[in-house]
Amino acid sequence: MVAVKTLFTRVTTFVESLGLAGIFLAQSLFRLPVRFEEACLLYIRQVYSVGVLSLIIIVVSGGFIGMVLALQGFSILARYGSESAVGQLLALTLLRELGPVVTGLLFAGRAGSALTAEIGLMKTTEQLSSYEMMGIDPLRRVVAPRLLAGITCMPILAVIFSAVGIWSGMLVSVYWLGIHDGSFWSLMQQTVYFDRDIFNGVIKSFVFAFAVVWIAVYQGYVCHPTSEGIGRATTRTVVMGSLAILGLDFLLTAAMFGDF
Amino acid sequence: MDAYIDIKNMSFHRGDRAIYDGISIQIPKGKITAIMGPSGTGKTTLLRLIGGQIKPSHGSVVVDGIDIPNANRKALFEARKKMGMLFQSGALFSDMTVFENVALPLEEHTDFDEAMIRDIVTIKLQSVGLRGAASMMPSELSGGMARRAALARAIALDPALVMYDEPFAGQDPISKGVLVEMIQRLNSAANITSVLVSHDVEESLSIADHVCILSGGKVILQGSAEEVRSSEDEQVVQFLNGLADGPVPFHYPAKDYQTELLETR
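As they're listed, the protein sequences go chains A and B.
If you're matching positions, the first sequence starts at 1 in my numbering and goes up one per residue.
If you're matching positions, the second sequence starts at 1001 in my numbering and goes up one per residue.
I should point out that these hints are in silico values taken from the structure, not numbers from a laboratory.
Just so you know, even glycine gets a beta-carbon here, dropped at the ideal spot from N, CA and C.
Where hints are given, some of them may not hold.
Unchecked claim - Residues from chain B that face chain A, not an exhaustive set, calculated with beta carbons under 8 Å:
hint	residue
1	K1055
2	S1057
3	F1077
4	A1091
5	T1110
What the hints assert, rightly or not - From the derived model, a few chain A residues whose C-beta atoms are all more than 12 Å from chain B:
hint	residue
6	Y43
7	Y131
8	M134
9	V172
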């Protein structure tokens, strides 16, 4: 009986927090900063801290993952004598899956946790209250620019990730493993379609960005205003964000590539 | 008495615990009112209730004729433009300079051009003695300077009401003196209604026109500073003189001391 009750309260709290997060999202998105220049300035600042500062980790990871993929792909494809298809393998895995998913996971760890901690600390140091008491809506001033910057930056980061991955994979396959670069590029060109592969990948990263940034800003906004509370909220952002990405990825893949 | 803030029969609960249990407080217009009481009596909560950041469970909070708990979002934000609040931590925005912090409410709520805003900010910073620190970041300021910068920001829009949350807590004697003088000067020069939440007895009584002492969710005394000093109420005497034991017990409720020591495990 106790177990049933606990389960019931768990479910209701979950549904309740989902509802609250939904209201929070709607309020933030419909209350953009009033003055256009101010909005632009706040947005650009966030694009810098959320997007530009994430570039290094994205580029480095993209490079290594592309190289590893090329090596693994080569060793498997060589058994069937089709090692020249390694370019095709690289492009399809990166554009369809690894680009959006790994960028999402890295983004949750790098930018998501930073967003939660920053907003959480603003709450702890009464800065959010201070905005409210000044008659300035913190959702509009603090949350909305971060939300928008995150959602717009991550698809771009995912595209950069895939591009760097393909390029570094090319370096390994062509200059090290000795695949003919003409066949590397031409096979890739023949099998990669813009709408099926590239565009679907961008849609995926857009959805992931939305989920991660939403979780990050919400966790920061509702966190318990203590140092322990911020720590917990940051952890929750990374854990929930990563799980959301993996779960959503399954659903999206099933919807996009599931009809055989 | 012309009340600027009129709190009637107000209760506020946090979880099952009653922070306030049917209190009524009148805060006179144009005067300095000190709200005092032991820690944990919800003095800061009272300021949040006045600012409309939280809602009481019963009763009314009327500020300058506006029913705060029942005001809609727009009316509430309008009302807040006439309130300035000095937070205990200062709560300066850490990503802006002192100048930008003070300029923000002006940029948000007025149509003044840049030169005008620059002048007003300079005047406000001069009045708190921080004109020279305009380009510093909040992290570079000492505690006392941060609080003064926050005060400049709180009065940027020339509010009719300024609320001070523990302005003296954690300040050295010089900063305390400076703050006392500034609060007093501000109040007499601009005819502002000031509400001061504090447990620094001497500083508060020295500037307050009206004092309100809270304890255990109730108002135990309201009156002038003299009335408070001459009060013979046990709770008031204990609080003012800082006695370790009295109506507020030294020991947190526990079972019998002897029994606990002799208890076998």
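Now for the hints, and whether the structure bears them out:
no., hint, verdict
1, K1055, "violated (14 Å)"
2, S1057, "violated (20 Å)"
3, F1077, "holds (4 Å)"
4, A1091, "holds (4 Å)"
5, T1110, "violated (12 Å)"
6, Y43, "holds (14 Å)"
7, Y131, "violated (8 Å)"
8, M134, "violated (5 Å)"
9, V172, "holds (42 Å)"
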